[in-house]
Amino acid sequence: MAVETLGSSTRPKVAPWNDPVVRGWIFQIVVVGLVGLLAWFLVSNTMDNLARQKIASGYDYLHHEAGFQIGDSMIPYSPADTYARAILVGLLNTLKVSVLGIVLCTILGTLIGIGRLSPNWLLAKICEWYVEIFRNVPLLLWLFLFYKIISEAFPGPRQAINVLGTMFLSNRGLYFPVPLPDPIHPWMGLGLLVGIAAAFAVKRWAGKRQDATGQPFPVIRTCIAIVVGLPLVVWLLGGAPHQMSWPALKGFNFQGGSVIQPEFTALLFGLVVYTSAFIAEIVRSGILALNKGQSEAAAALGLSRGQAMRLVLLPQALRVIVPPMTSQYLSITKNSSLAIAIGYPDLVAAVNVTINQTGQAIENVVIIMAAYLTVSLGISAFMNWYNKRIALRER
Amino acid sequence: MTDATPAGERQHLPPPIVDGGALGWLRKNLFSSWGNAITTVVLLVLLLWLLSSFLDWAVVNAVWTAPNGQACRGHGACWALIHEKYRFIFFGTFPYQQQWRPLLAVMVMLAMLVSSADRRMWNTRLLWIWGIGSFLTFLLMFGQIDIPLGLILFAALAVGGLGMLLRGAAAQPAEIAGWRTLAAIGAVGIVLRLAGVLPAWSLAIAPFDYVETSFWGGLPVTLILATYGLLFAFPYGVLLALGRRSDLPLIKGLCIGFIELIRGVPLISLLIMASVMLPLFLPSGMNIDKFLRALIAVILFAGAYIAEVIRGGLQALPKGQFEAADAMGLNYFQKTTLIILPQALRVVIPPLINTFIGFFKDTSLVLIIGIFDFLNAANQALVDPNWAGYPSEVYLFAAFVYFCFCFSMSRYSKYLEIELNKGTRR
Chain A
594 MAVETLGSST
604 RPKVAPWNDP
614 VVRGWIFQIV
624 VVGLVGLLAW
634 FLVSNTMDNL
644 ARQKIASGYD
654 YLHHEAGFQI
664 GDSMIPYSPA
674 DTYARAILVG
684 LLNTLKVSVL
694 GIVLCTILGT
704 LIGIGRLSPN
714 WLLAKICEWY
724 VEIFRNVPLL
734 LWLFLFYKII
744 SEAFPGPRQA
754 INVLGTMFLS
764 NRGLYFPVPL
774 PDPIHPWMGL
784 GLLVGIAAAF
794 AVKRWAGKRQ
804 DATGQPFPVI
814 RTCIAIVVGL
824 PLVVWLLGGA
834 PHQMSWPALK
844 GFNFQGGSVI
854 QPEFTALLFG
864 LVVYTSAFIA
874 EIVRSGILAL
884 NKGQSEAAAA
894 LGLSRGQAMR
904 LVLLPQALRV
914 IVPPMTSQYL
924 SITKNSSLAI
934 AIGYPDLVAA
944 VNVTINQTGQ
954 AIENVVIIMA
964 AYLTVSLGIS
974 AFMNWYNKRI
984 ALRER
Chain B
2 MTDATPAGER
12 QHLPPPIVDG
22 GALGWLRKNL
32 FSSWGNAITT
42 VVLLVLLLWL
52 LSSFLDWAVV
62 NAVWTAPNGQ
72 ACRGHGACWA
82 LIHEKYRFIF
92 FGTFPYQQQW
102 RPLLAVMVML
112 AMLVSSADRR
122 MWNTRLLWIW
132 GIGSFLTFLL
142 MFGQIDIPLG
152 LILFAALAVG
162 GLGMLLRGAA
172 AQPAEIAGWR
182 TLAAIGAVGI
192 VLRLAGVLPA
202 WSLAIAPFDY
212 VETSFWGGLP
222 VTLILATYGL
232 LFAFPYGVLL
242 ALGRRSDLPL
252 IKGLCIGFIE
262 LIRGVPLISL
272 LIMASVMLPL
282 FLPSGMNIDK
292 FLRALIAVIL
302 FAGAYIAEVI
312 RGGLQALPKG
322 QFEAADAMGL
332 NYFQKTTLII
342 LPQALRVVIP
352 PLINTFIGFF
362 KDTSLVLIIG
372 IFDFLNAANQ
382 ALVDPNWAGY
392 PSEVYLFAAF
402 VYFCFCFSMS
412 RYSKYLEIEL
422 NKGTRR
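Line by line, the protein sequences give chains A and B. If you count the first sequence from 1, you need to add 593 to reach our numbering. If you count the second sequence from 1, you need to add 1 to reach our numbering.
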């Protein structure tokens, strides 16, 4: 192929079977043909088998009644709902665990990664052993261990540990009071969104002002005040409704309030400690990749270690950190599928029950793969956008 | 270096306290500032408290031997459970009297892995070690192996003949002799069989009782899945990586599509697919063993990840290597096998070991489709009602075993990275 890139437009005349371009196309057609043949073989076998075993095909079953319970759901769900809704509940649970896991493991992983570089020998060693211990044992084992510890170490609902007189900690999870639904809640949500938007605006304005005049502005305090304050004001304007749903022991378990289930806690905790060990290594190598002059220059300017980290080192290290971090985010999303092993109803668990009830394996596996591919592509797209935003702007 | 002071008035200053001795080290690393000192003290108190309560549970109050779980109540860790169940955890449901076989198989596999770690062995000797070692491993695990002698003889004849035909003009005399010997062995073998000297087309080696894969369990299963999963995935991972870097648009598209599809979905979904869909894909009546299905899923999965690692190595090669190979008039096959791959693969050995560590851990997921790997065997050891209520002991023990494997491999990978880069470091 390199022959024709020499720029001359006249290619030497050769026999077609010696022409690299012709050869390339023949080779490709053969390979694609073989792959097609394999696909045809598999599909025709599958068709035969499905017909012989009288398994229905198509996605009609999605509208049928699911008939199974789901322990944890972000949207109203009952066994009388359809399979489609059951799978949606599973998908939402997967997303909930993934998003929370990503946020928490980023925070923990960054702290541990910075801790490994601490001048304090003891802190550095502890962080190093944290990383080694958690990443050298399978995630599934951590999940089992945490789940068993939670469900065996805590007492049953009747002997539940009472926390602050309002919350109950038992092997069924942590029950806590929640406000009863009120028409003011959607408006408070709107207030929160407006507050976040306003906080971004304030941050931009403060940045511009500091660039222009050199005067700093207490951005963080102002932003927290806006984000927390706006929903609070809306709540007060709505007459401050404070009816709560309190958890209370009825029969063998608690009723009322809301609950964080042990399966969810074990899954989230396991995912966070396991992935944060990898993220710590990424953060550490990102900071180590920086020129030593950067931290020395920051120290020479009189910045404290924290300021140097926040203002000088981390923003530059981010460029090295973001691409491998993206793959960790993807893997936390995919690893959340281990939920099935400890009985948390995520997407794979919901679809697995559906496979067992309907027998329609192919359609269901397609649903799992399509869902994960979509989520993965979404995360990659977002991280690529972020990576471009923080990339070094060269002249 | 002129010394102005007369010899008698020289003052011998003591060395600075900060630099020397244990005290200096402490001051520099633990108490360099007030903040640091507070951190050290807080951490030390926390660490001592954690360690002492852990040691209290795991050593001081532990029960080492007991007839059943009841005897452990009210004490610390119940290591008696491990003492009772360790054979089940390591070898699963393999027939109890025969468990020396999986033990030996694990030792053979460990010997293969350890000898491959030695750089002095990185030559054709490794092929022999792996060939003989793999044969021994599977002979020990299955107990009986049928060698398809006819197939091997015909393959030898075909490969030897092709070699003589294709390489006849270019190769060295020694190589030609090799092809000739191969073809001759095949031909003589076939003639002997037809003449009736060899009794059958297949050779049964049956020193022990046959044990089905459904009885395999524990550590050998984890090791076999990880090692052979990656070994079989390697050649096709190389092909995928080369395909992804190819100039041919259709090949490139196929490879990118496949790699990204596999990498975008969790291993569990592939395992579920292998366990419920693979039987549908095959002609009716043809049933594959559950263990083989899991192995196929692991191979499919590992290939995509290996391909990405190798692509990294291919991209790290300077463009001049490709151009120089073209300029020498090498064709694609020669260029790839003689110039590109030897250099690219050398770069990716440490990341490949990290991939192996990942797969060693990820094979634990096969328990979801009901295969008895090490973690699943540990899980099943908890089911015994006589020993109910001590999951932490079993899981910590399993975690310790996994840790020993993974930690030593990761240290080896780190060492190798430095060792292989000696030539380019200053």
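Heads up, a few of these hints could be off.
Computed footprint of chain A on chain B, listed as stretches where at least three residues anywhere in the stretch have a Cβ under 8 Å from a Cβ of chain A [as the list claims (entries may be wrong)]:
hint : segment
1    : 84 to 98
2    : 240 to 252
What follows is a list of derived Cβ distance ranges for each label pair [what the hints assert, rightly or not]:
hint : chain 1 : residue 1 : chain 2 : residue 2 : range
3    : A       : Val-624   : B       : Lys-320   : 40 to 50 Å
4    : A       : Gly-886   : B       : Ile-419   : 22 to 32 Å
5    : B       : Pro-68    : A       : Glu-745   : 15 to 25 Å
6    : B       : Ala-159   : A       : Asn-642   : 57 to 67 Å
Source of the hints: derived by calculation from the structure; they are not laboratory data. The beta-carbon is built from N, C-alpha and C at its ideal position, and this holds for glycine as well.
**Report entry** Verdict on chain A covering the segment 240 to 252 of chain B, where coverage means 3 or more residues with a C-beta closer than 8 Å
**Finding:** holds (count 5)
Query raised in the report: Okay, Val-624/A versus Lys-320/B on CB: inside 40 to 50 Å?
Result: violated (26 Å)
Requested in this report: Determine whether the Cβ-Cβ distance between Gly-886/A and Ile-419/B falls within the hinted range of 22 to 32 Å.
Outcome: holds (25 Å)
Query raised in the report: So does Ala-159/B sit 57 to 67 Å from Asn-642/A, Cβ to Cβ?
Result: 34 Å Cβ-Cβ, so the 57 to 67 Å window is violated.
Query raised in the report: Lying within 15 to 25 Å: is that true of the beta-carbon distance Pro-68/B to Glu-745/A?
Result: About 22 Å separates the Cβ atoms of Pro-68/B and Glu-745/A, which means 15 to 25 Å holds.
Query raised in the report: Taking a Cβ-to-Cβ distance below 8 Å as contact, does the segment 84 to 98 of chain B have at least three residues touching chain A?
Result: Per the Cβ count (0), the hint is violated.
Hints 1, 3 and 6 from the list above are not met by this structure, while the remaining hints are.
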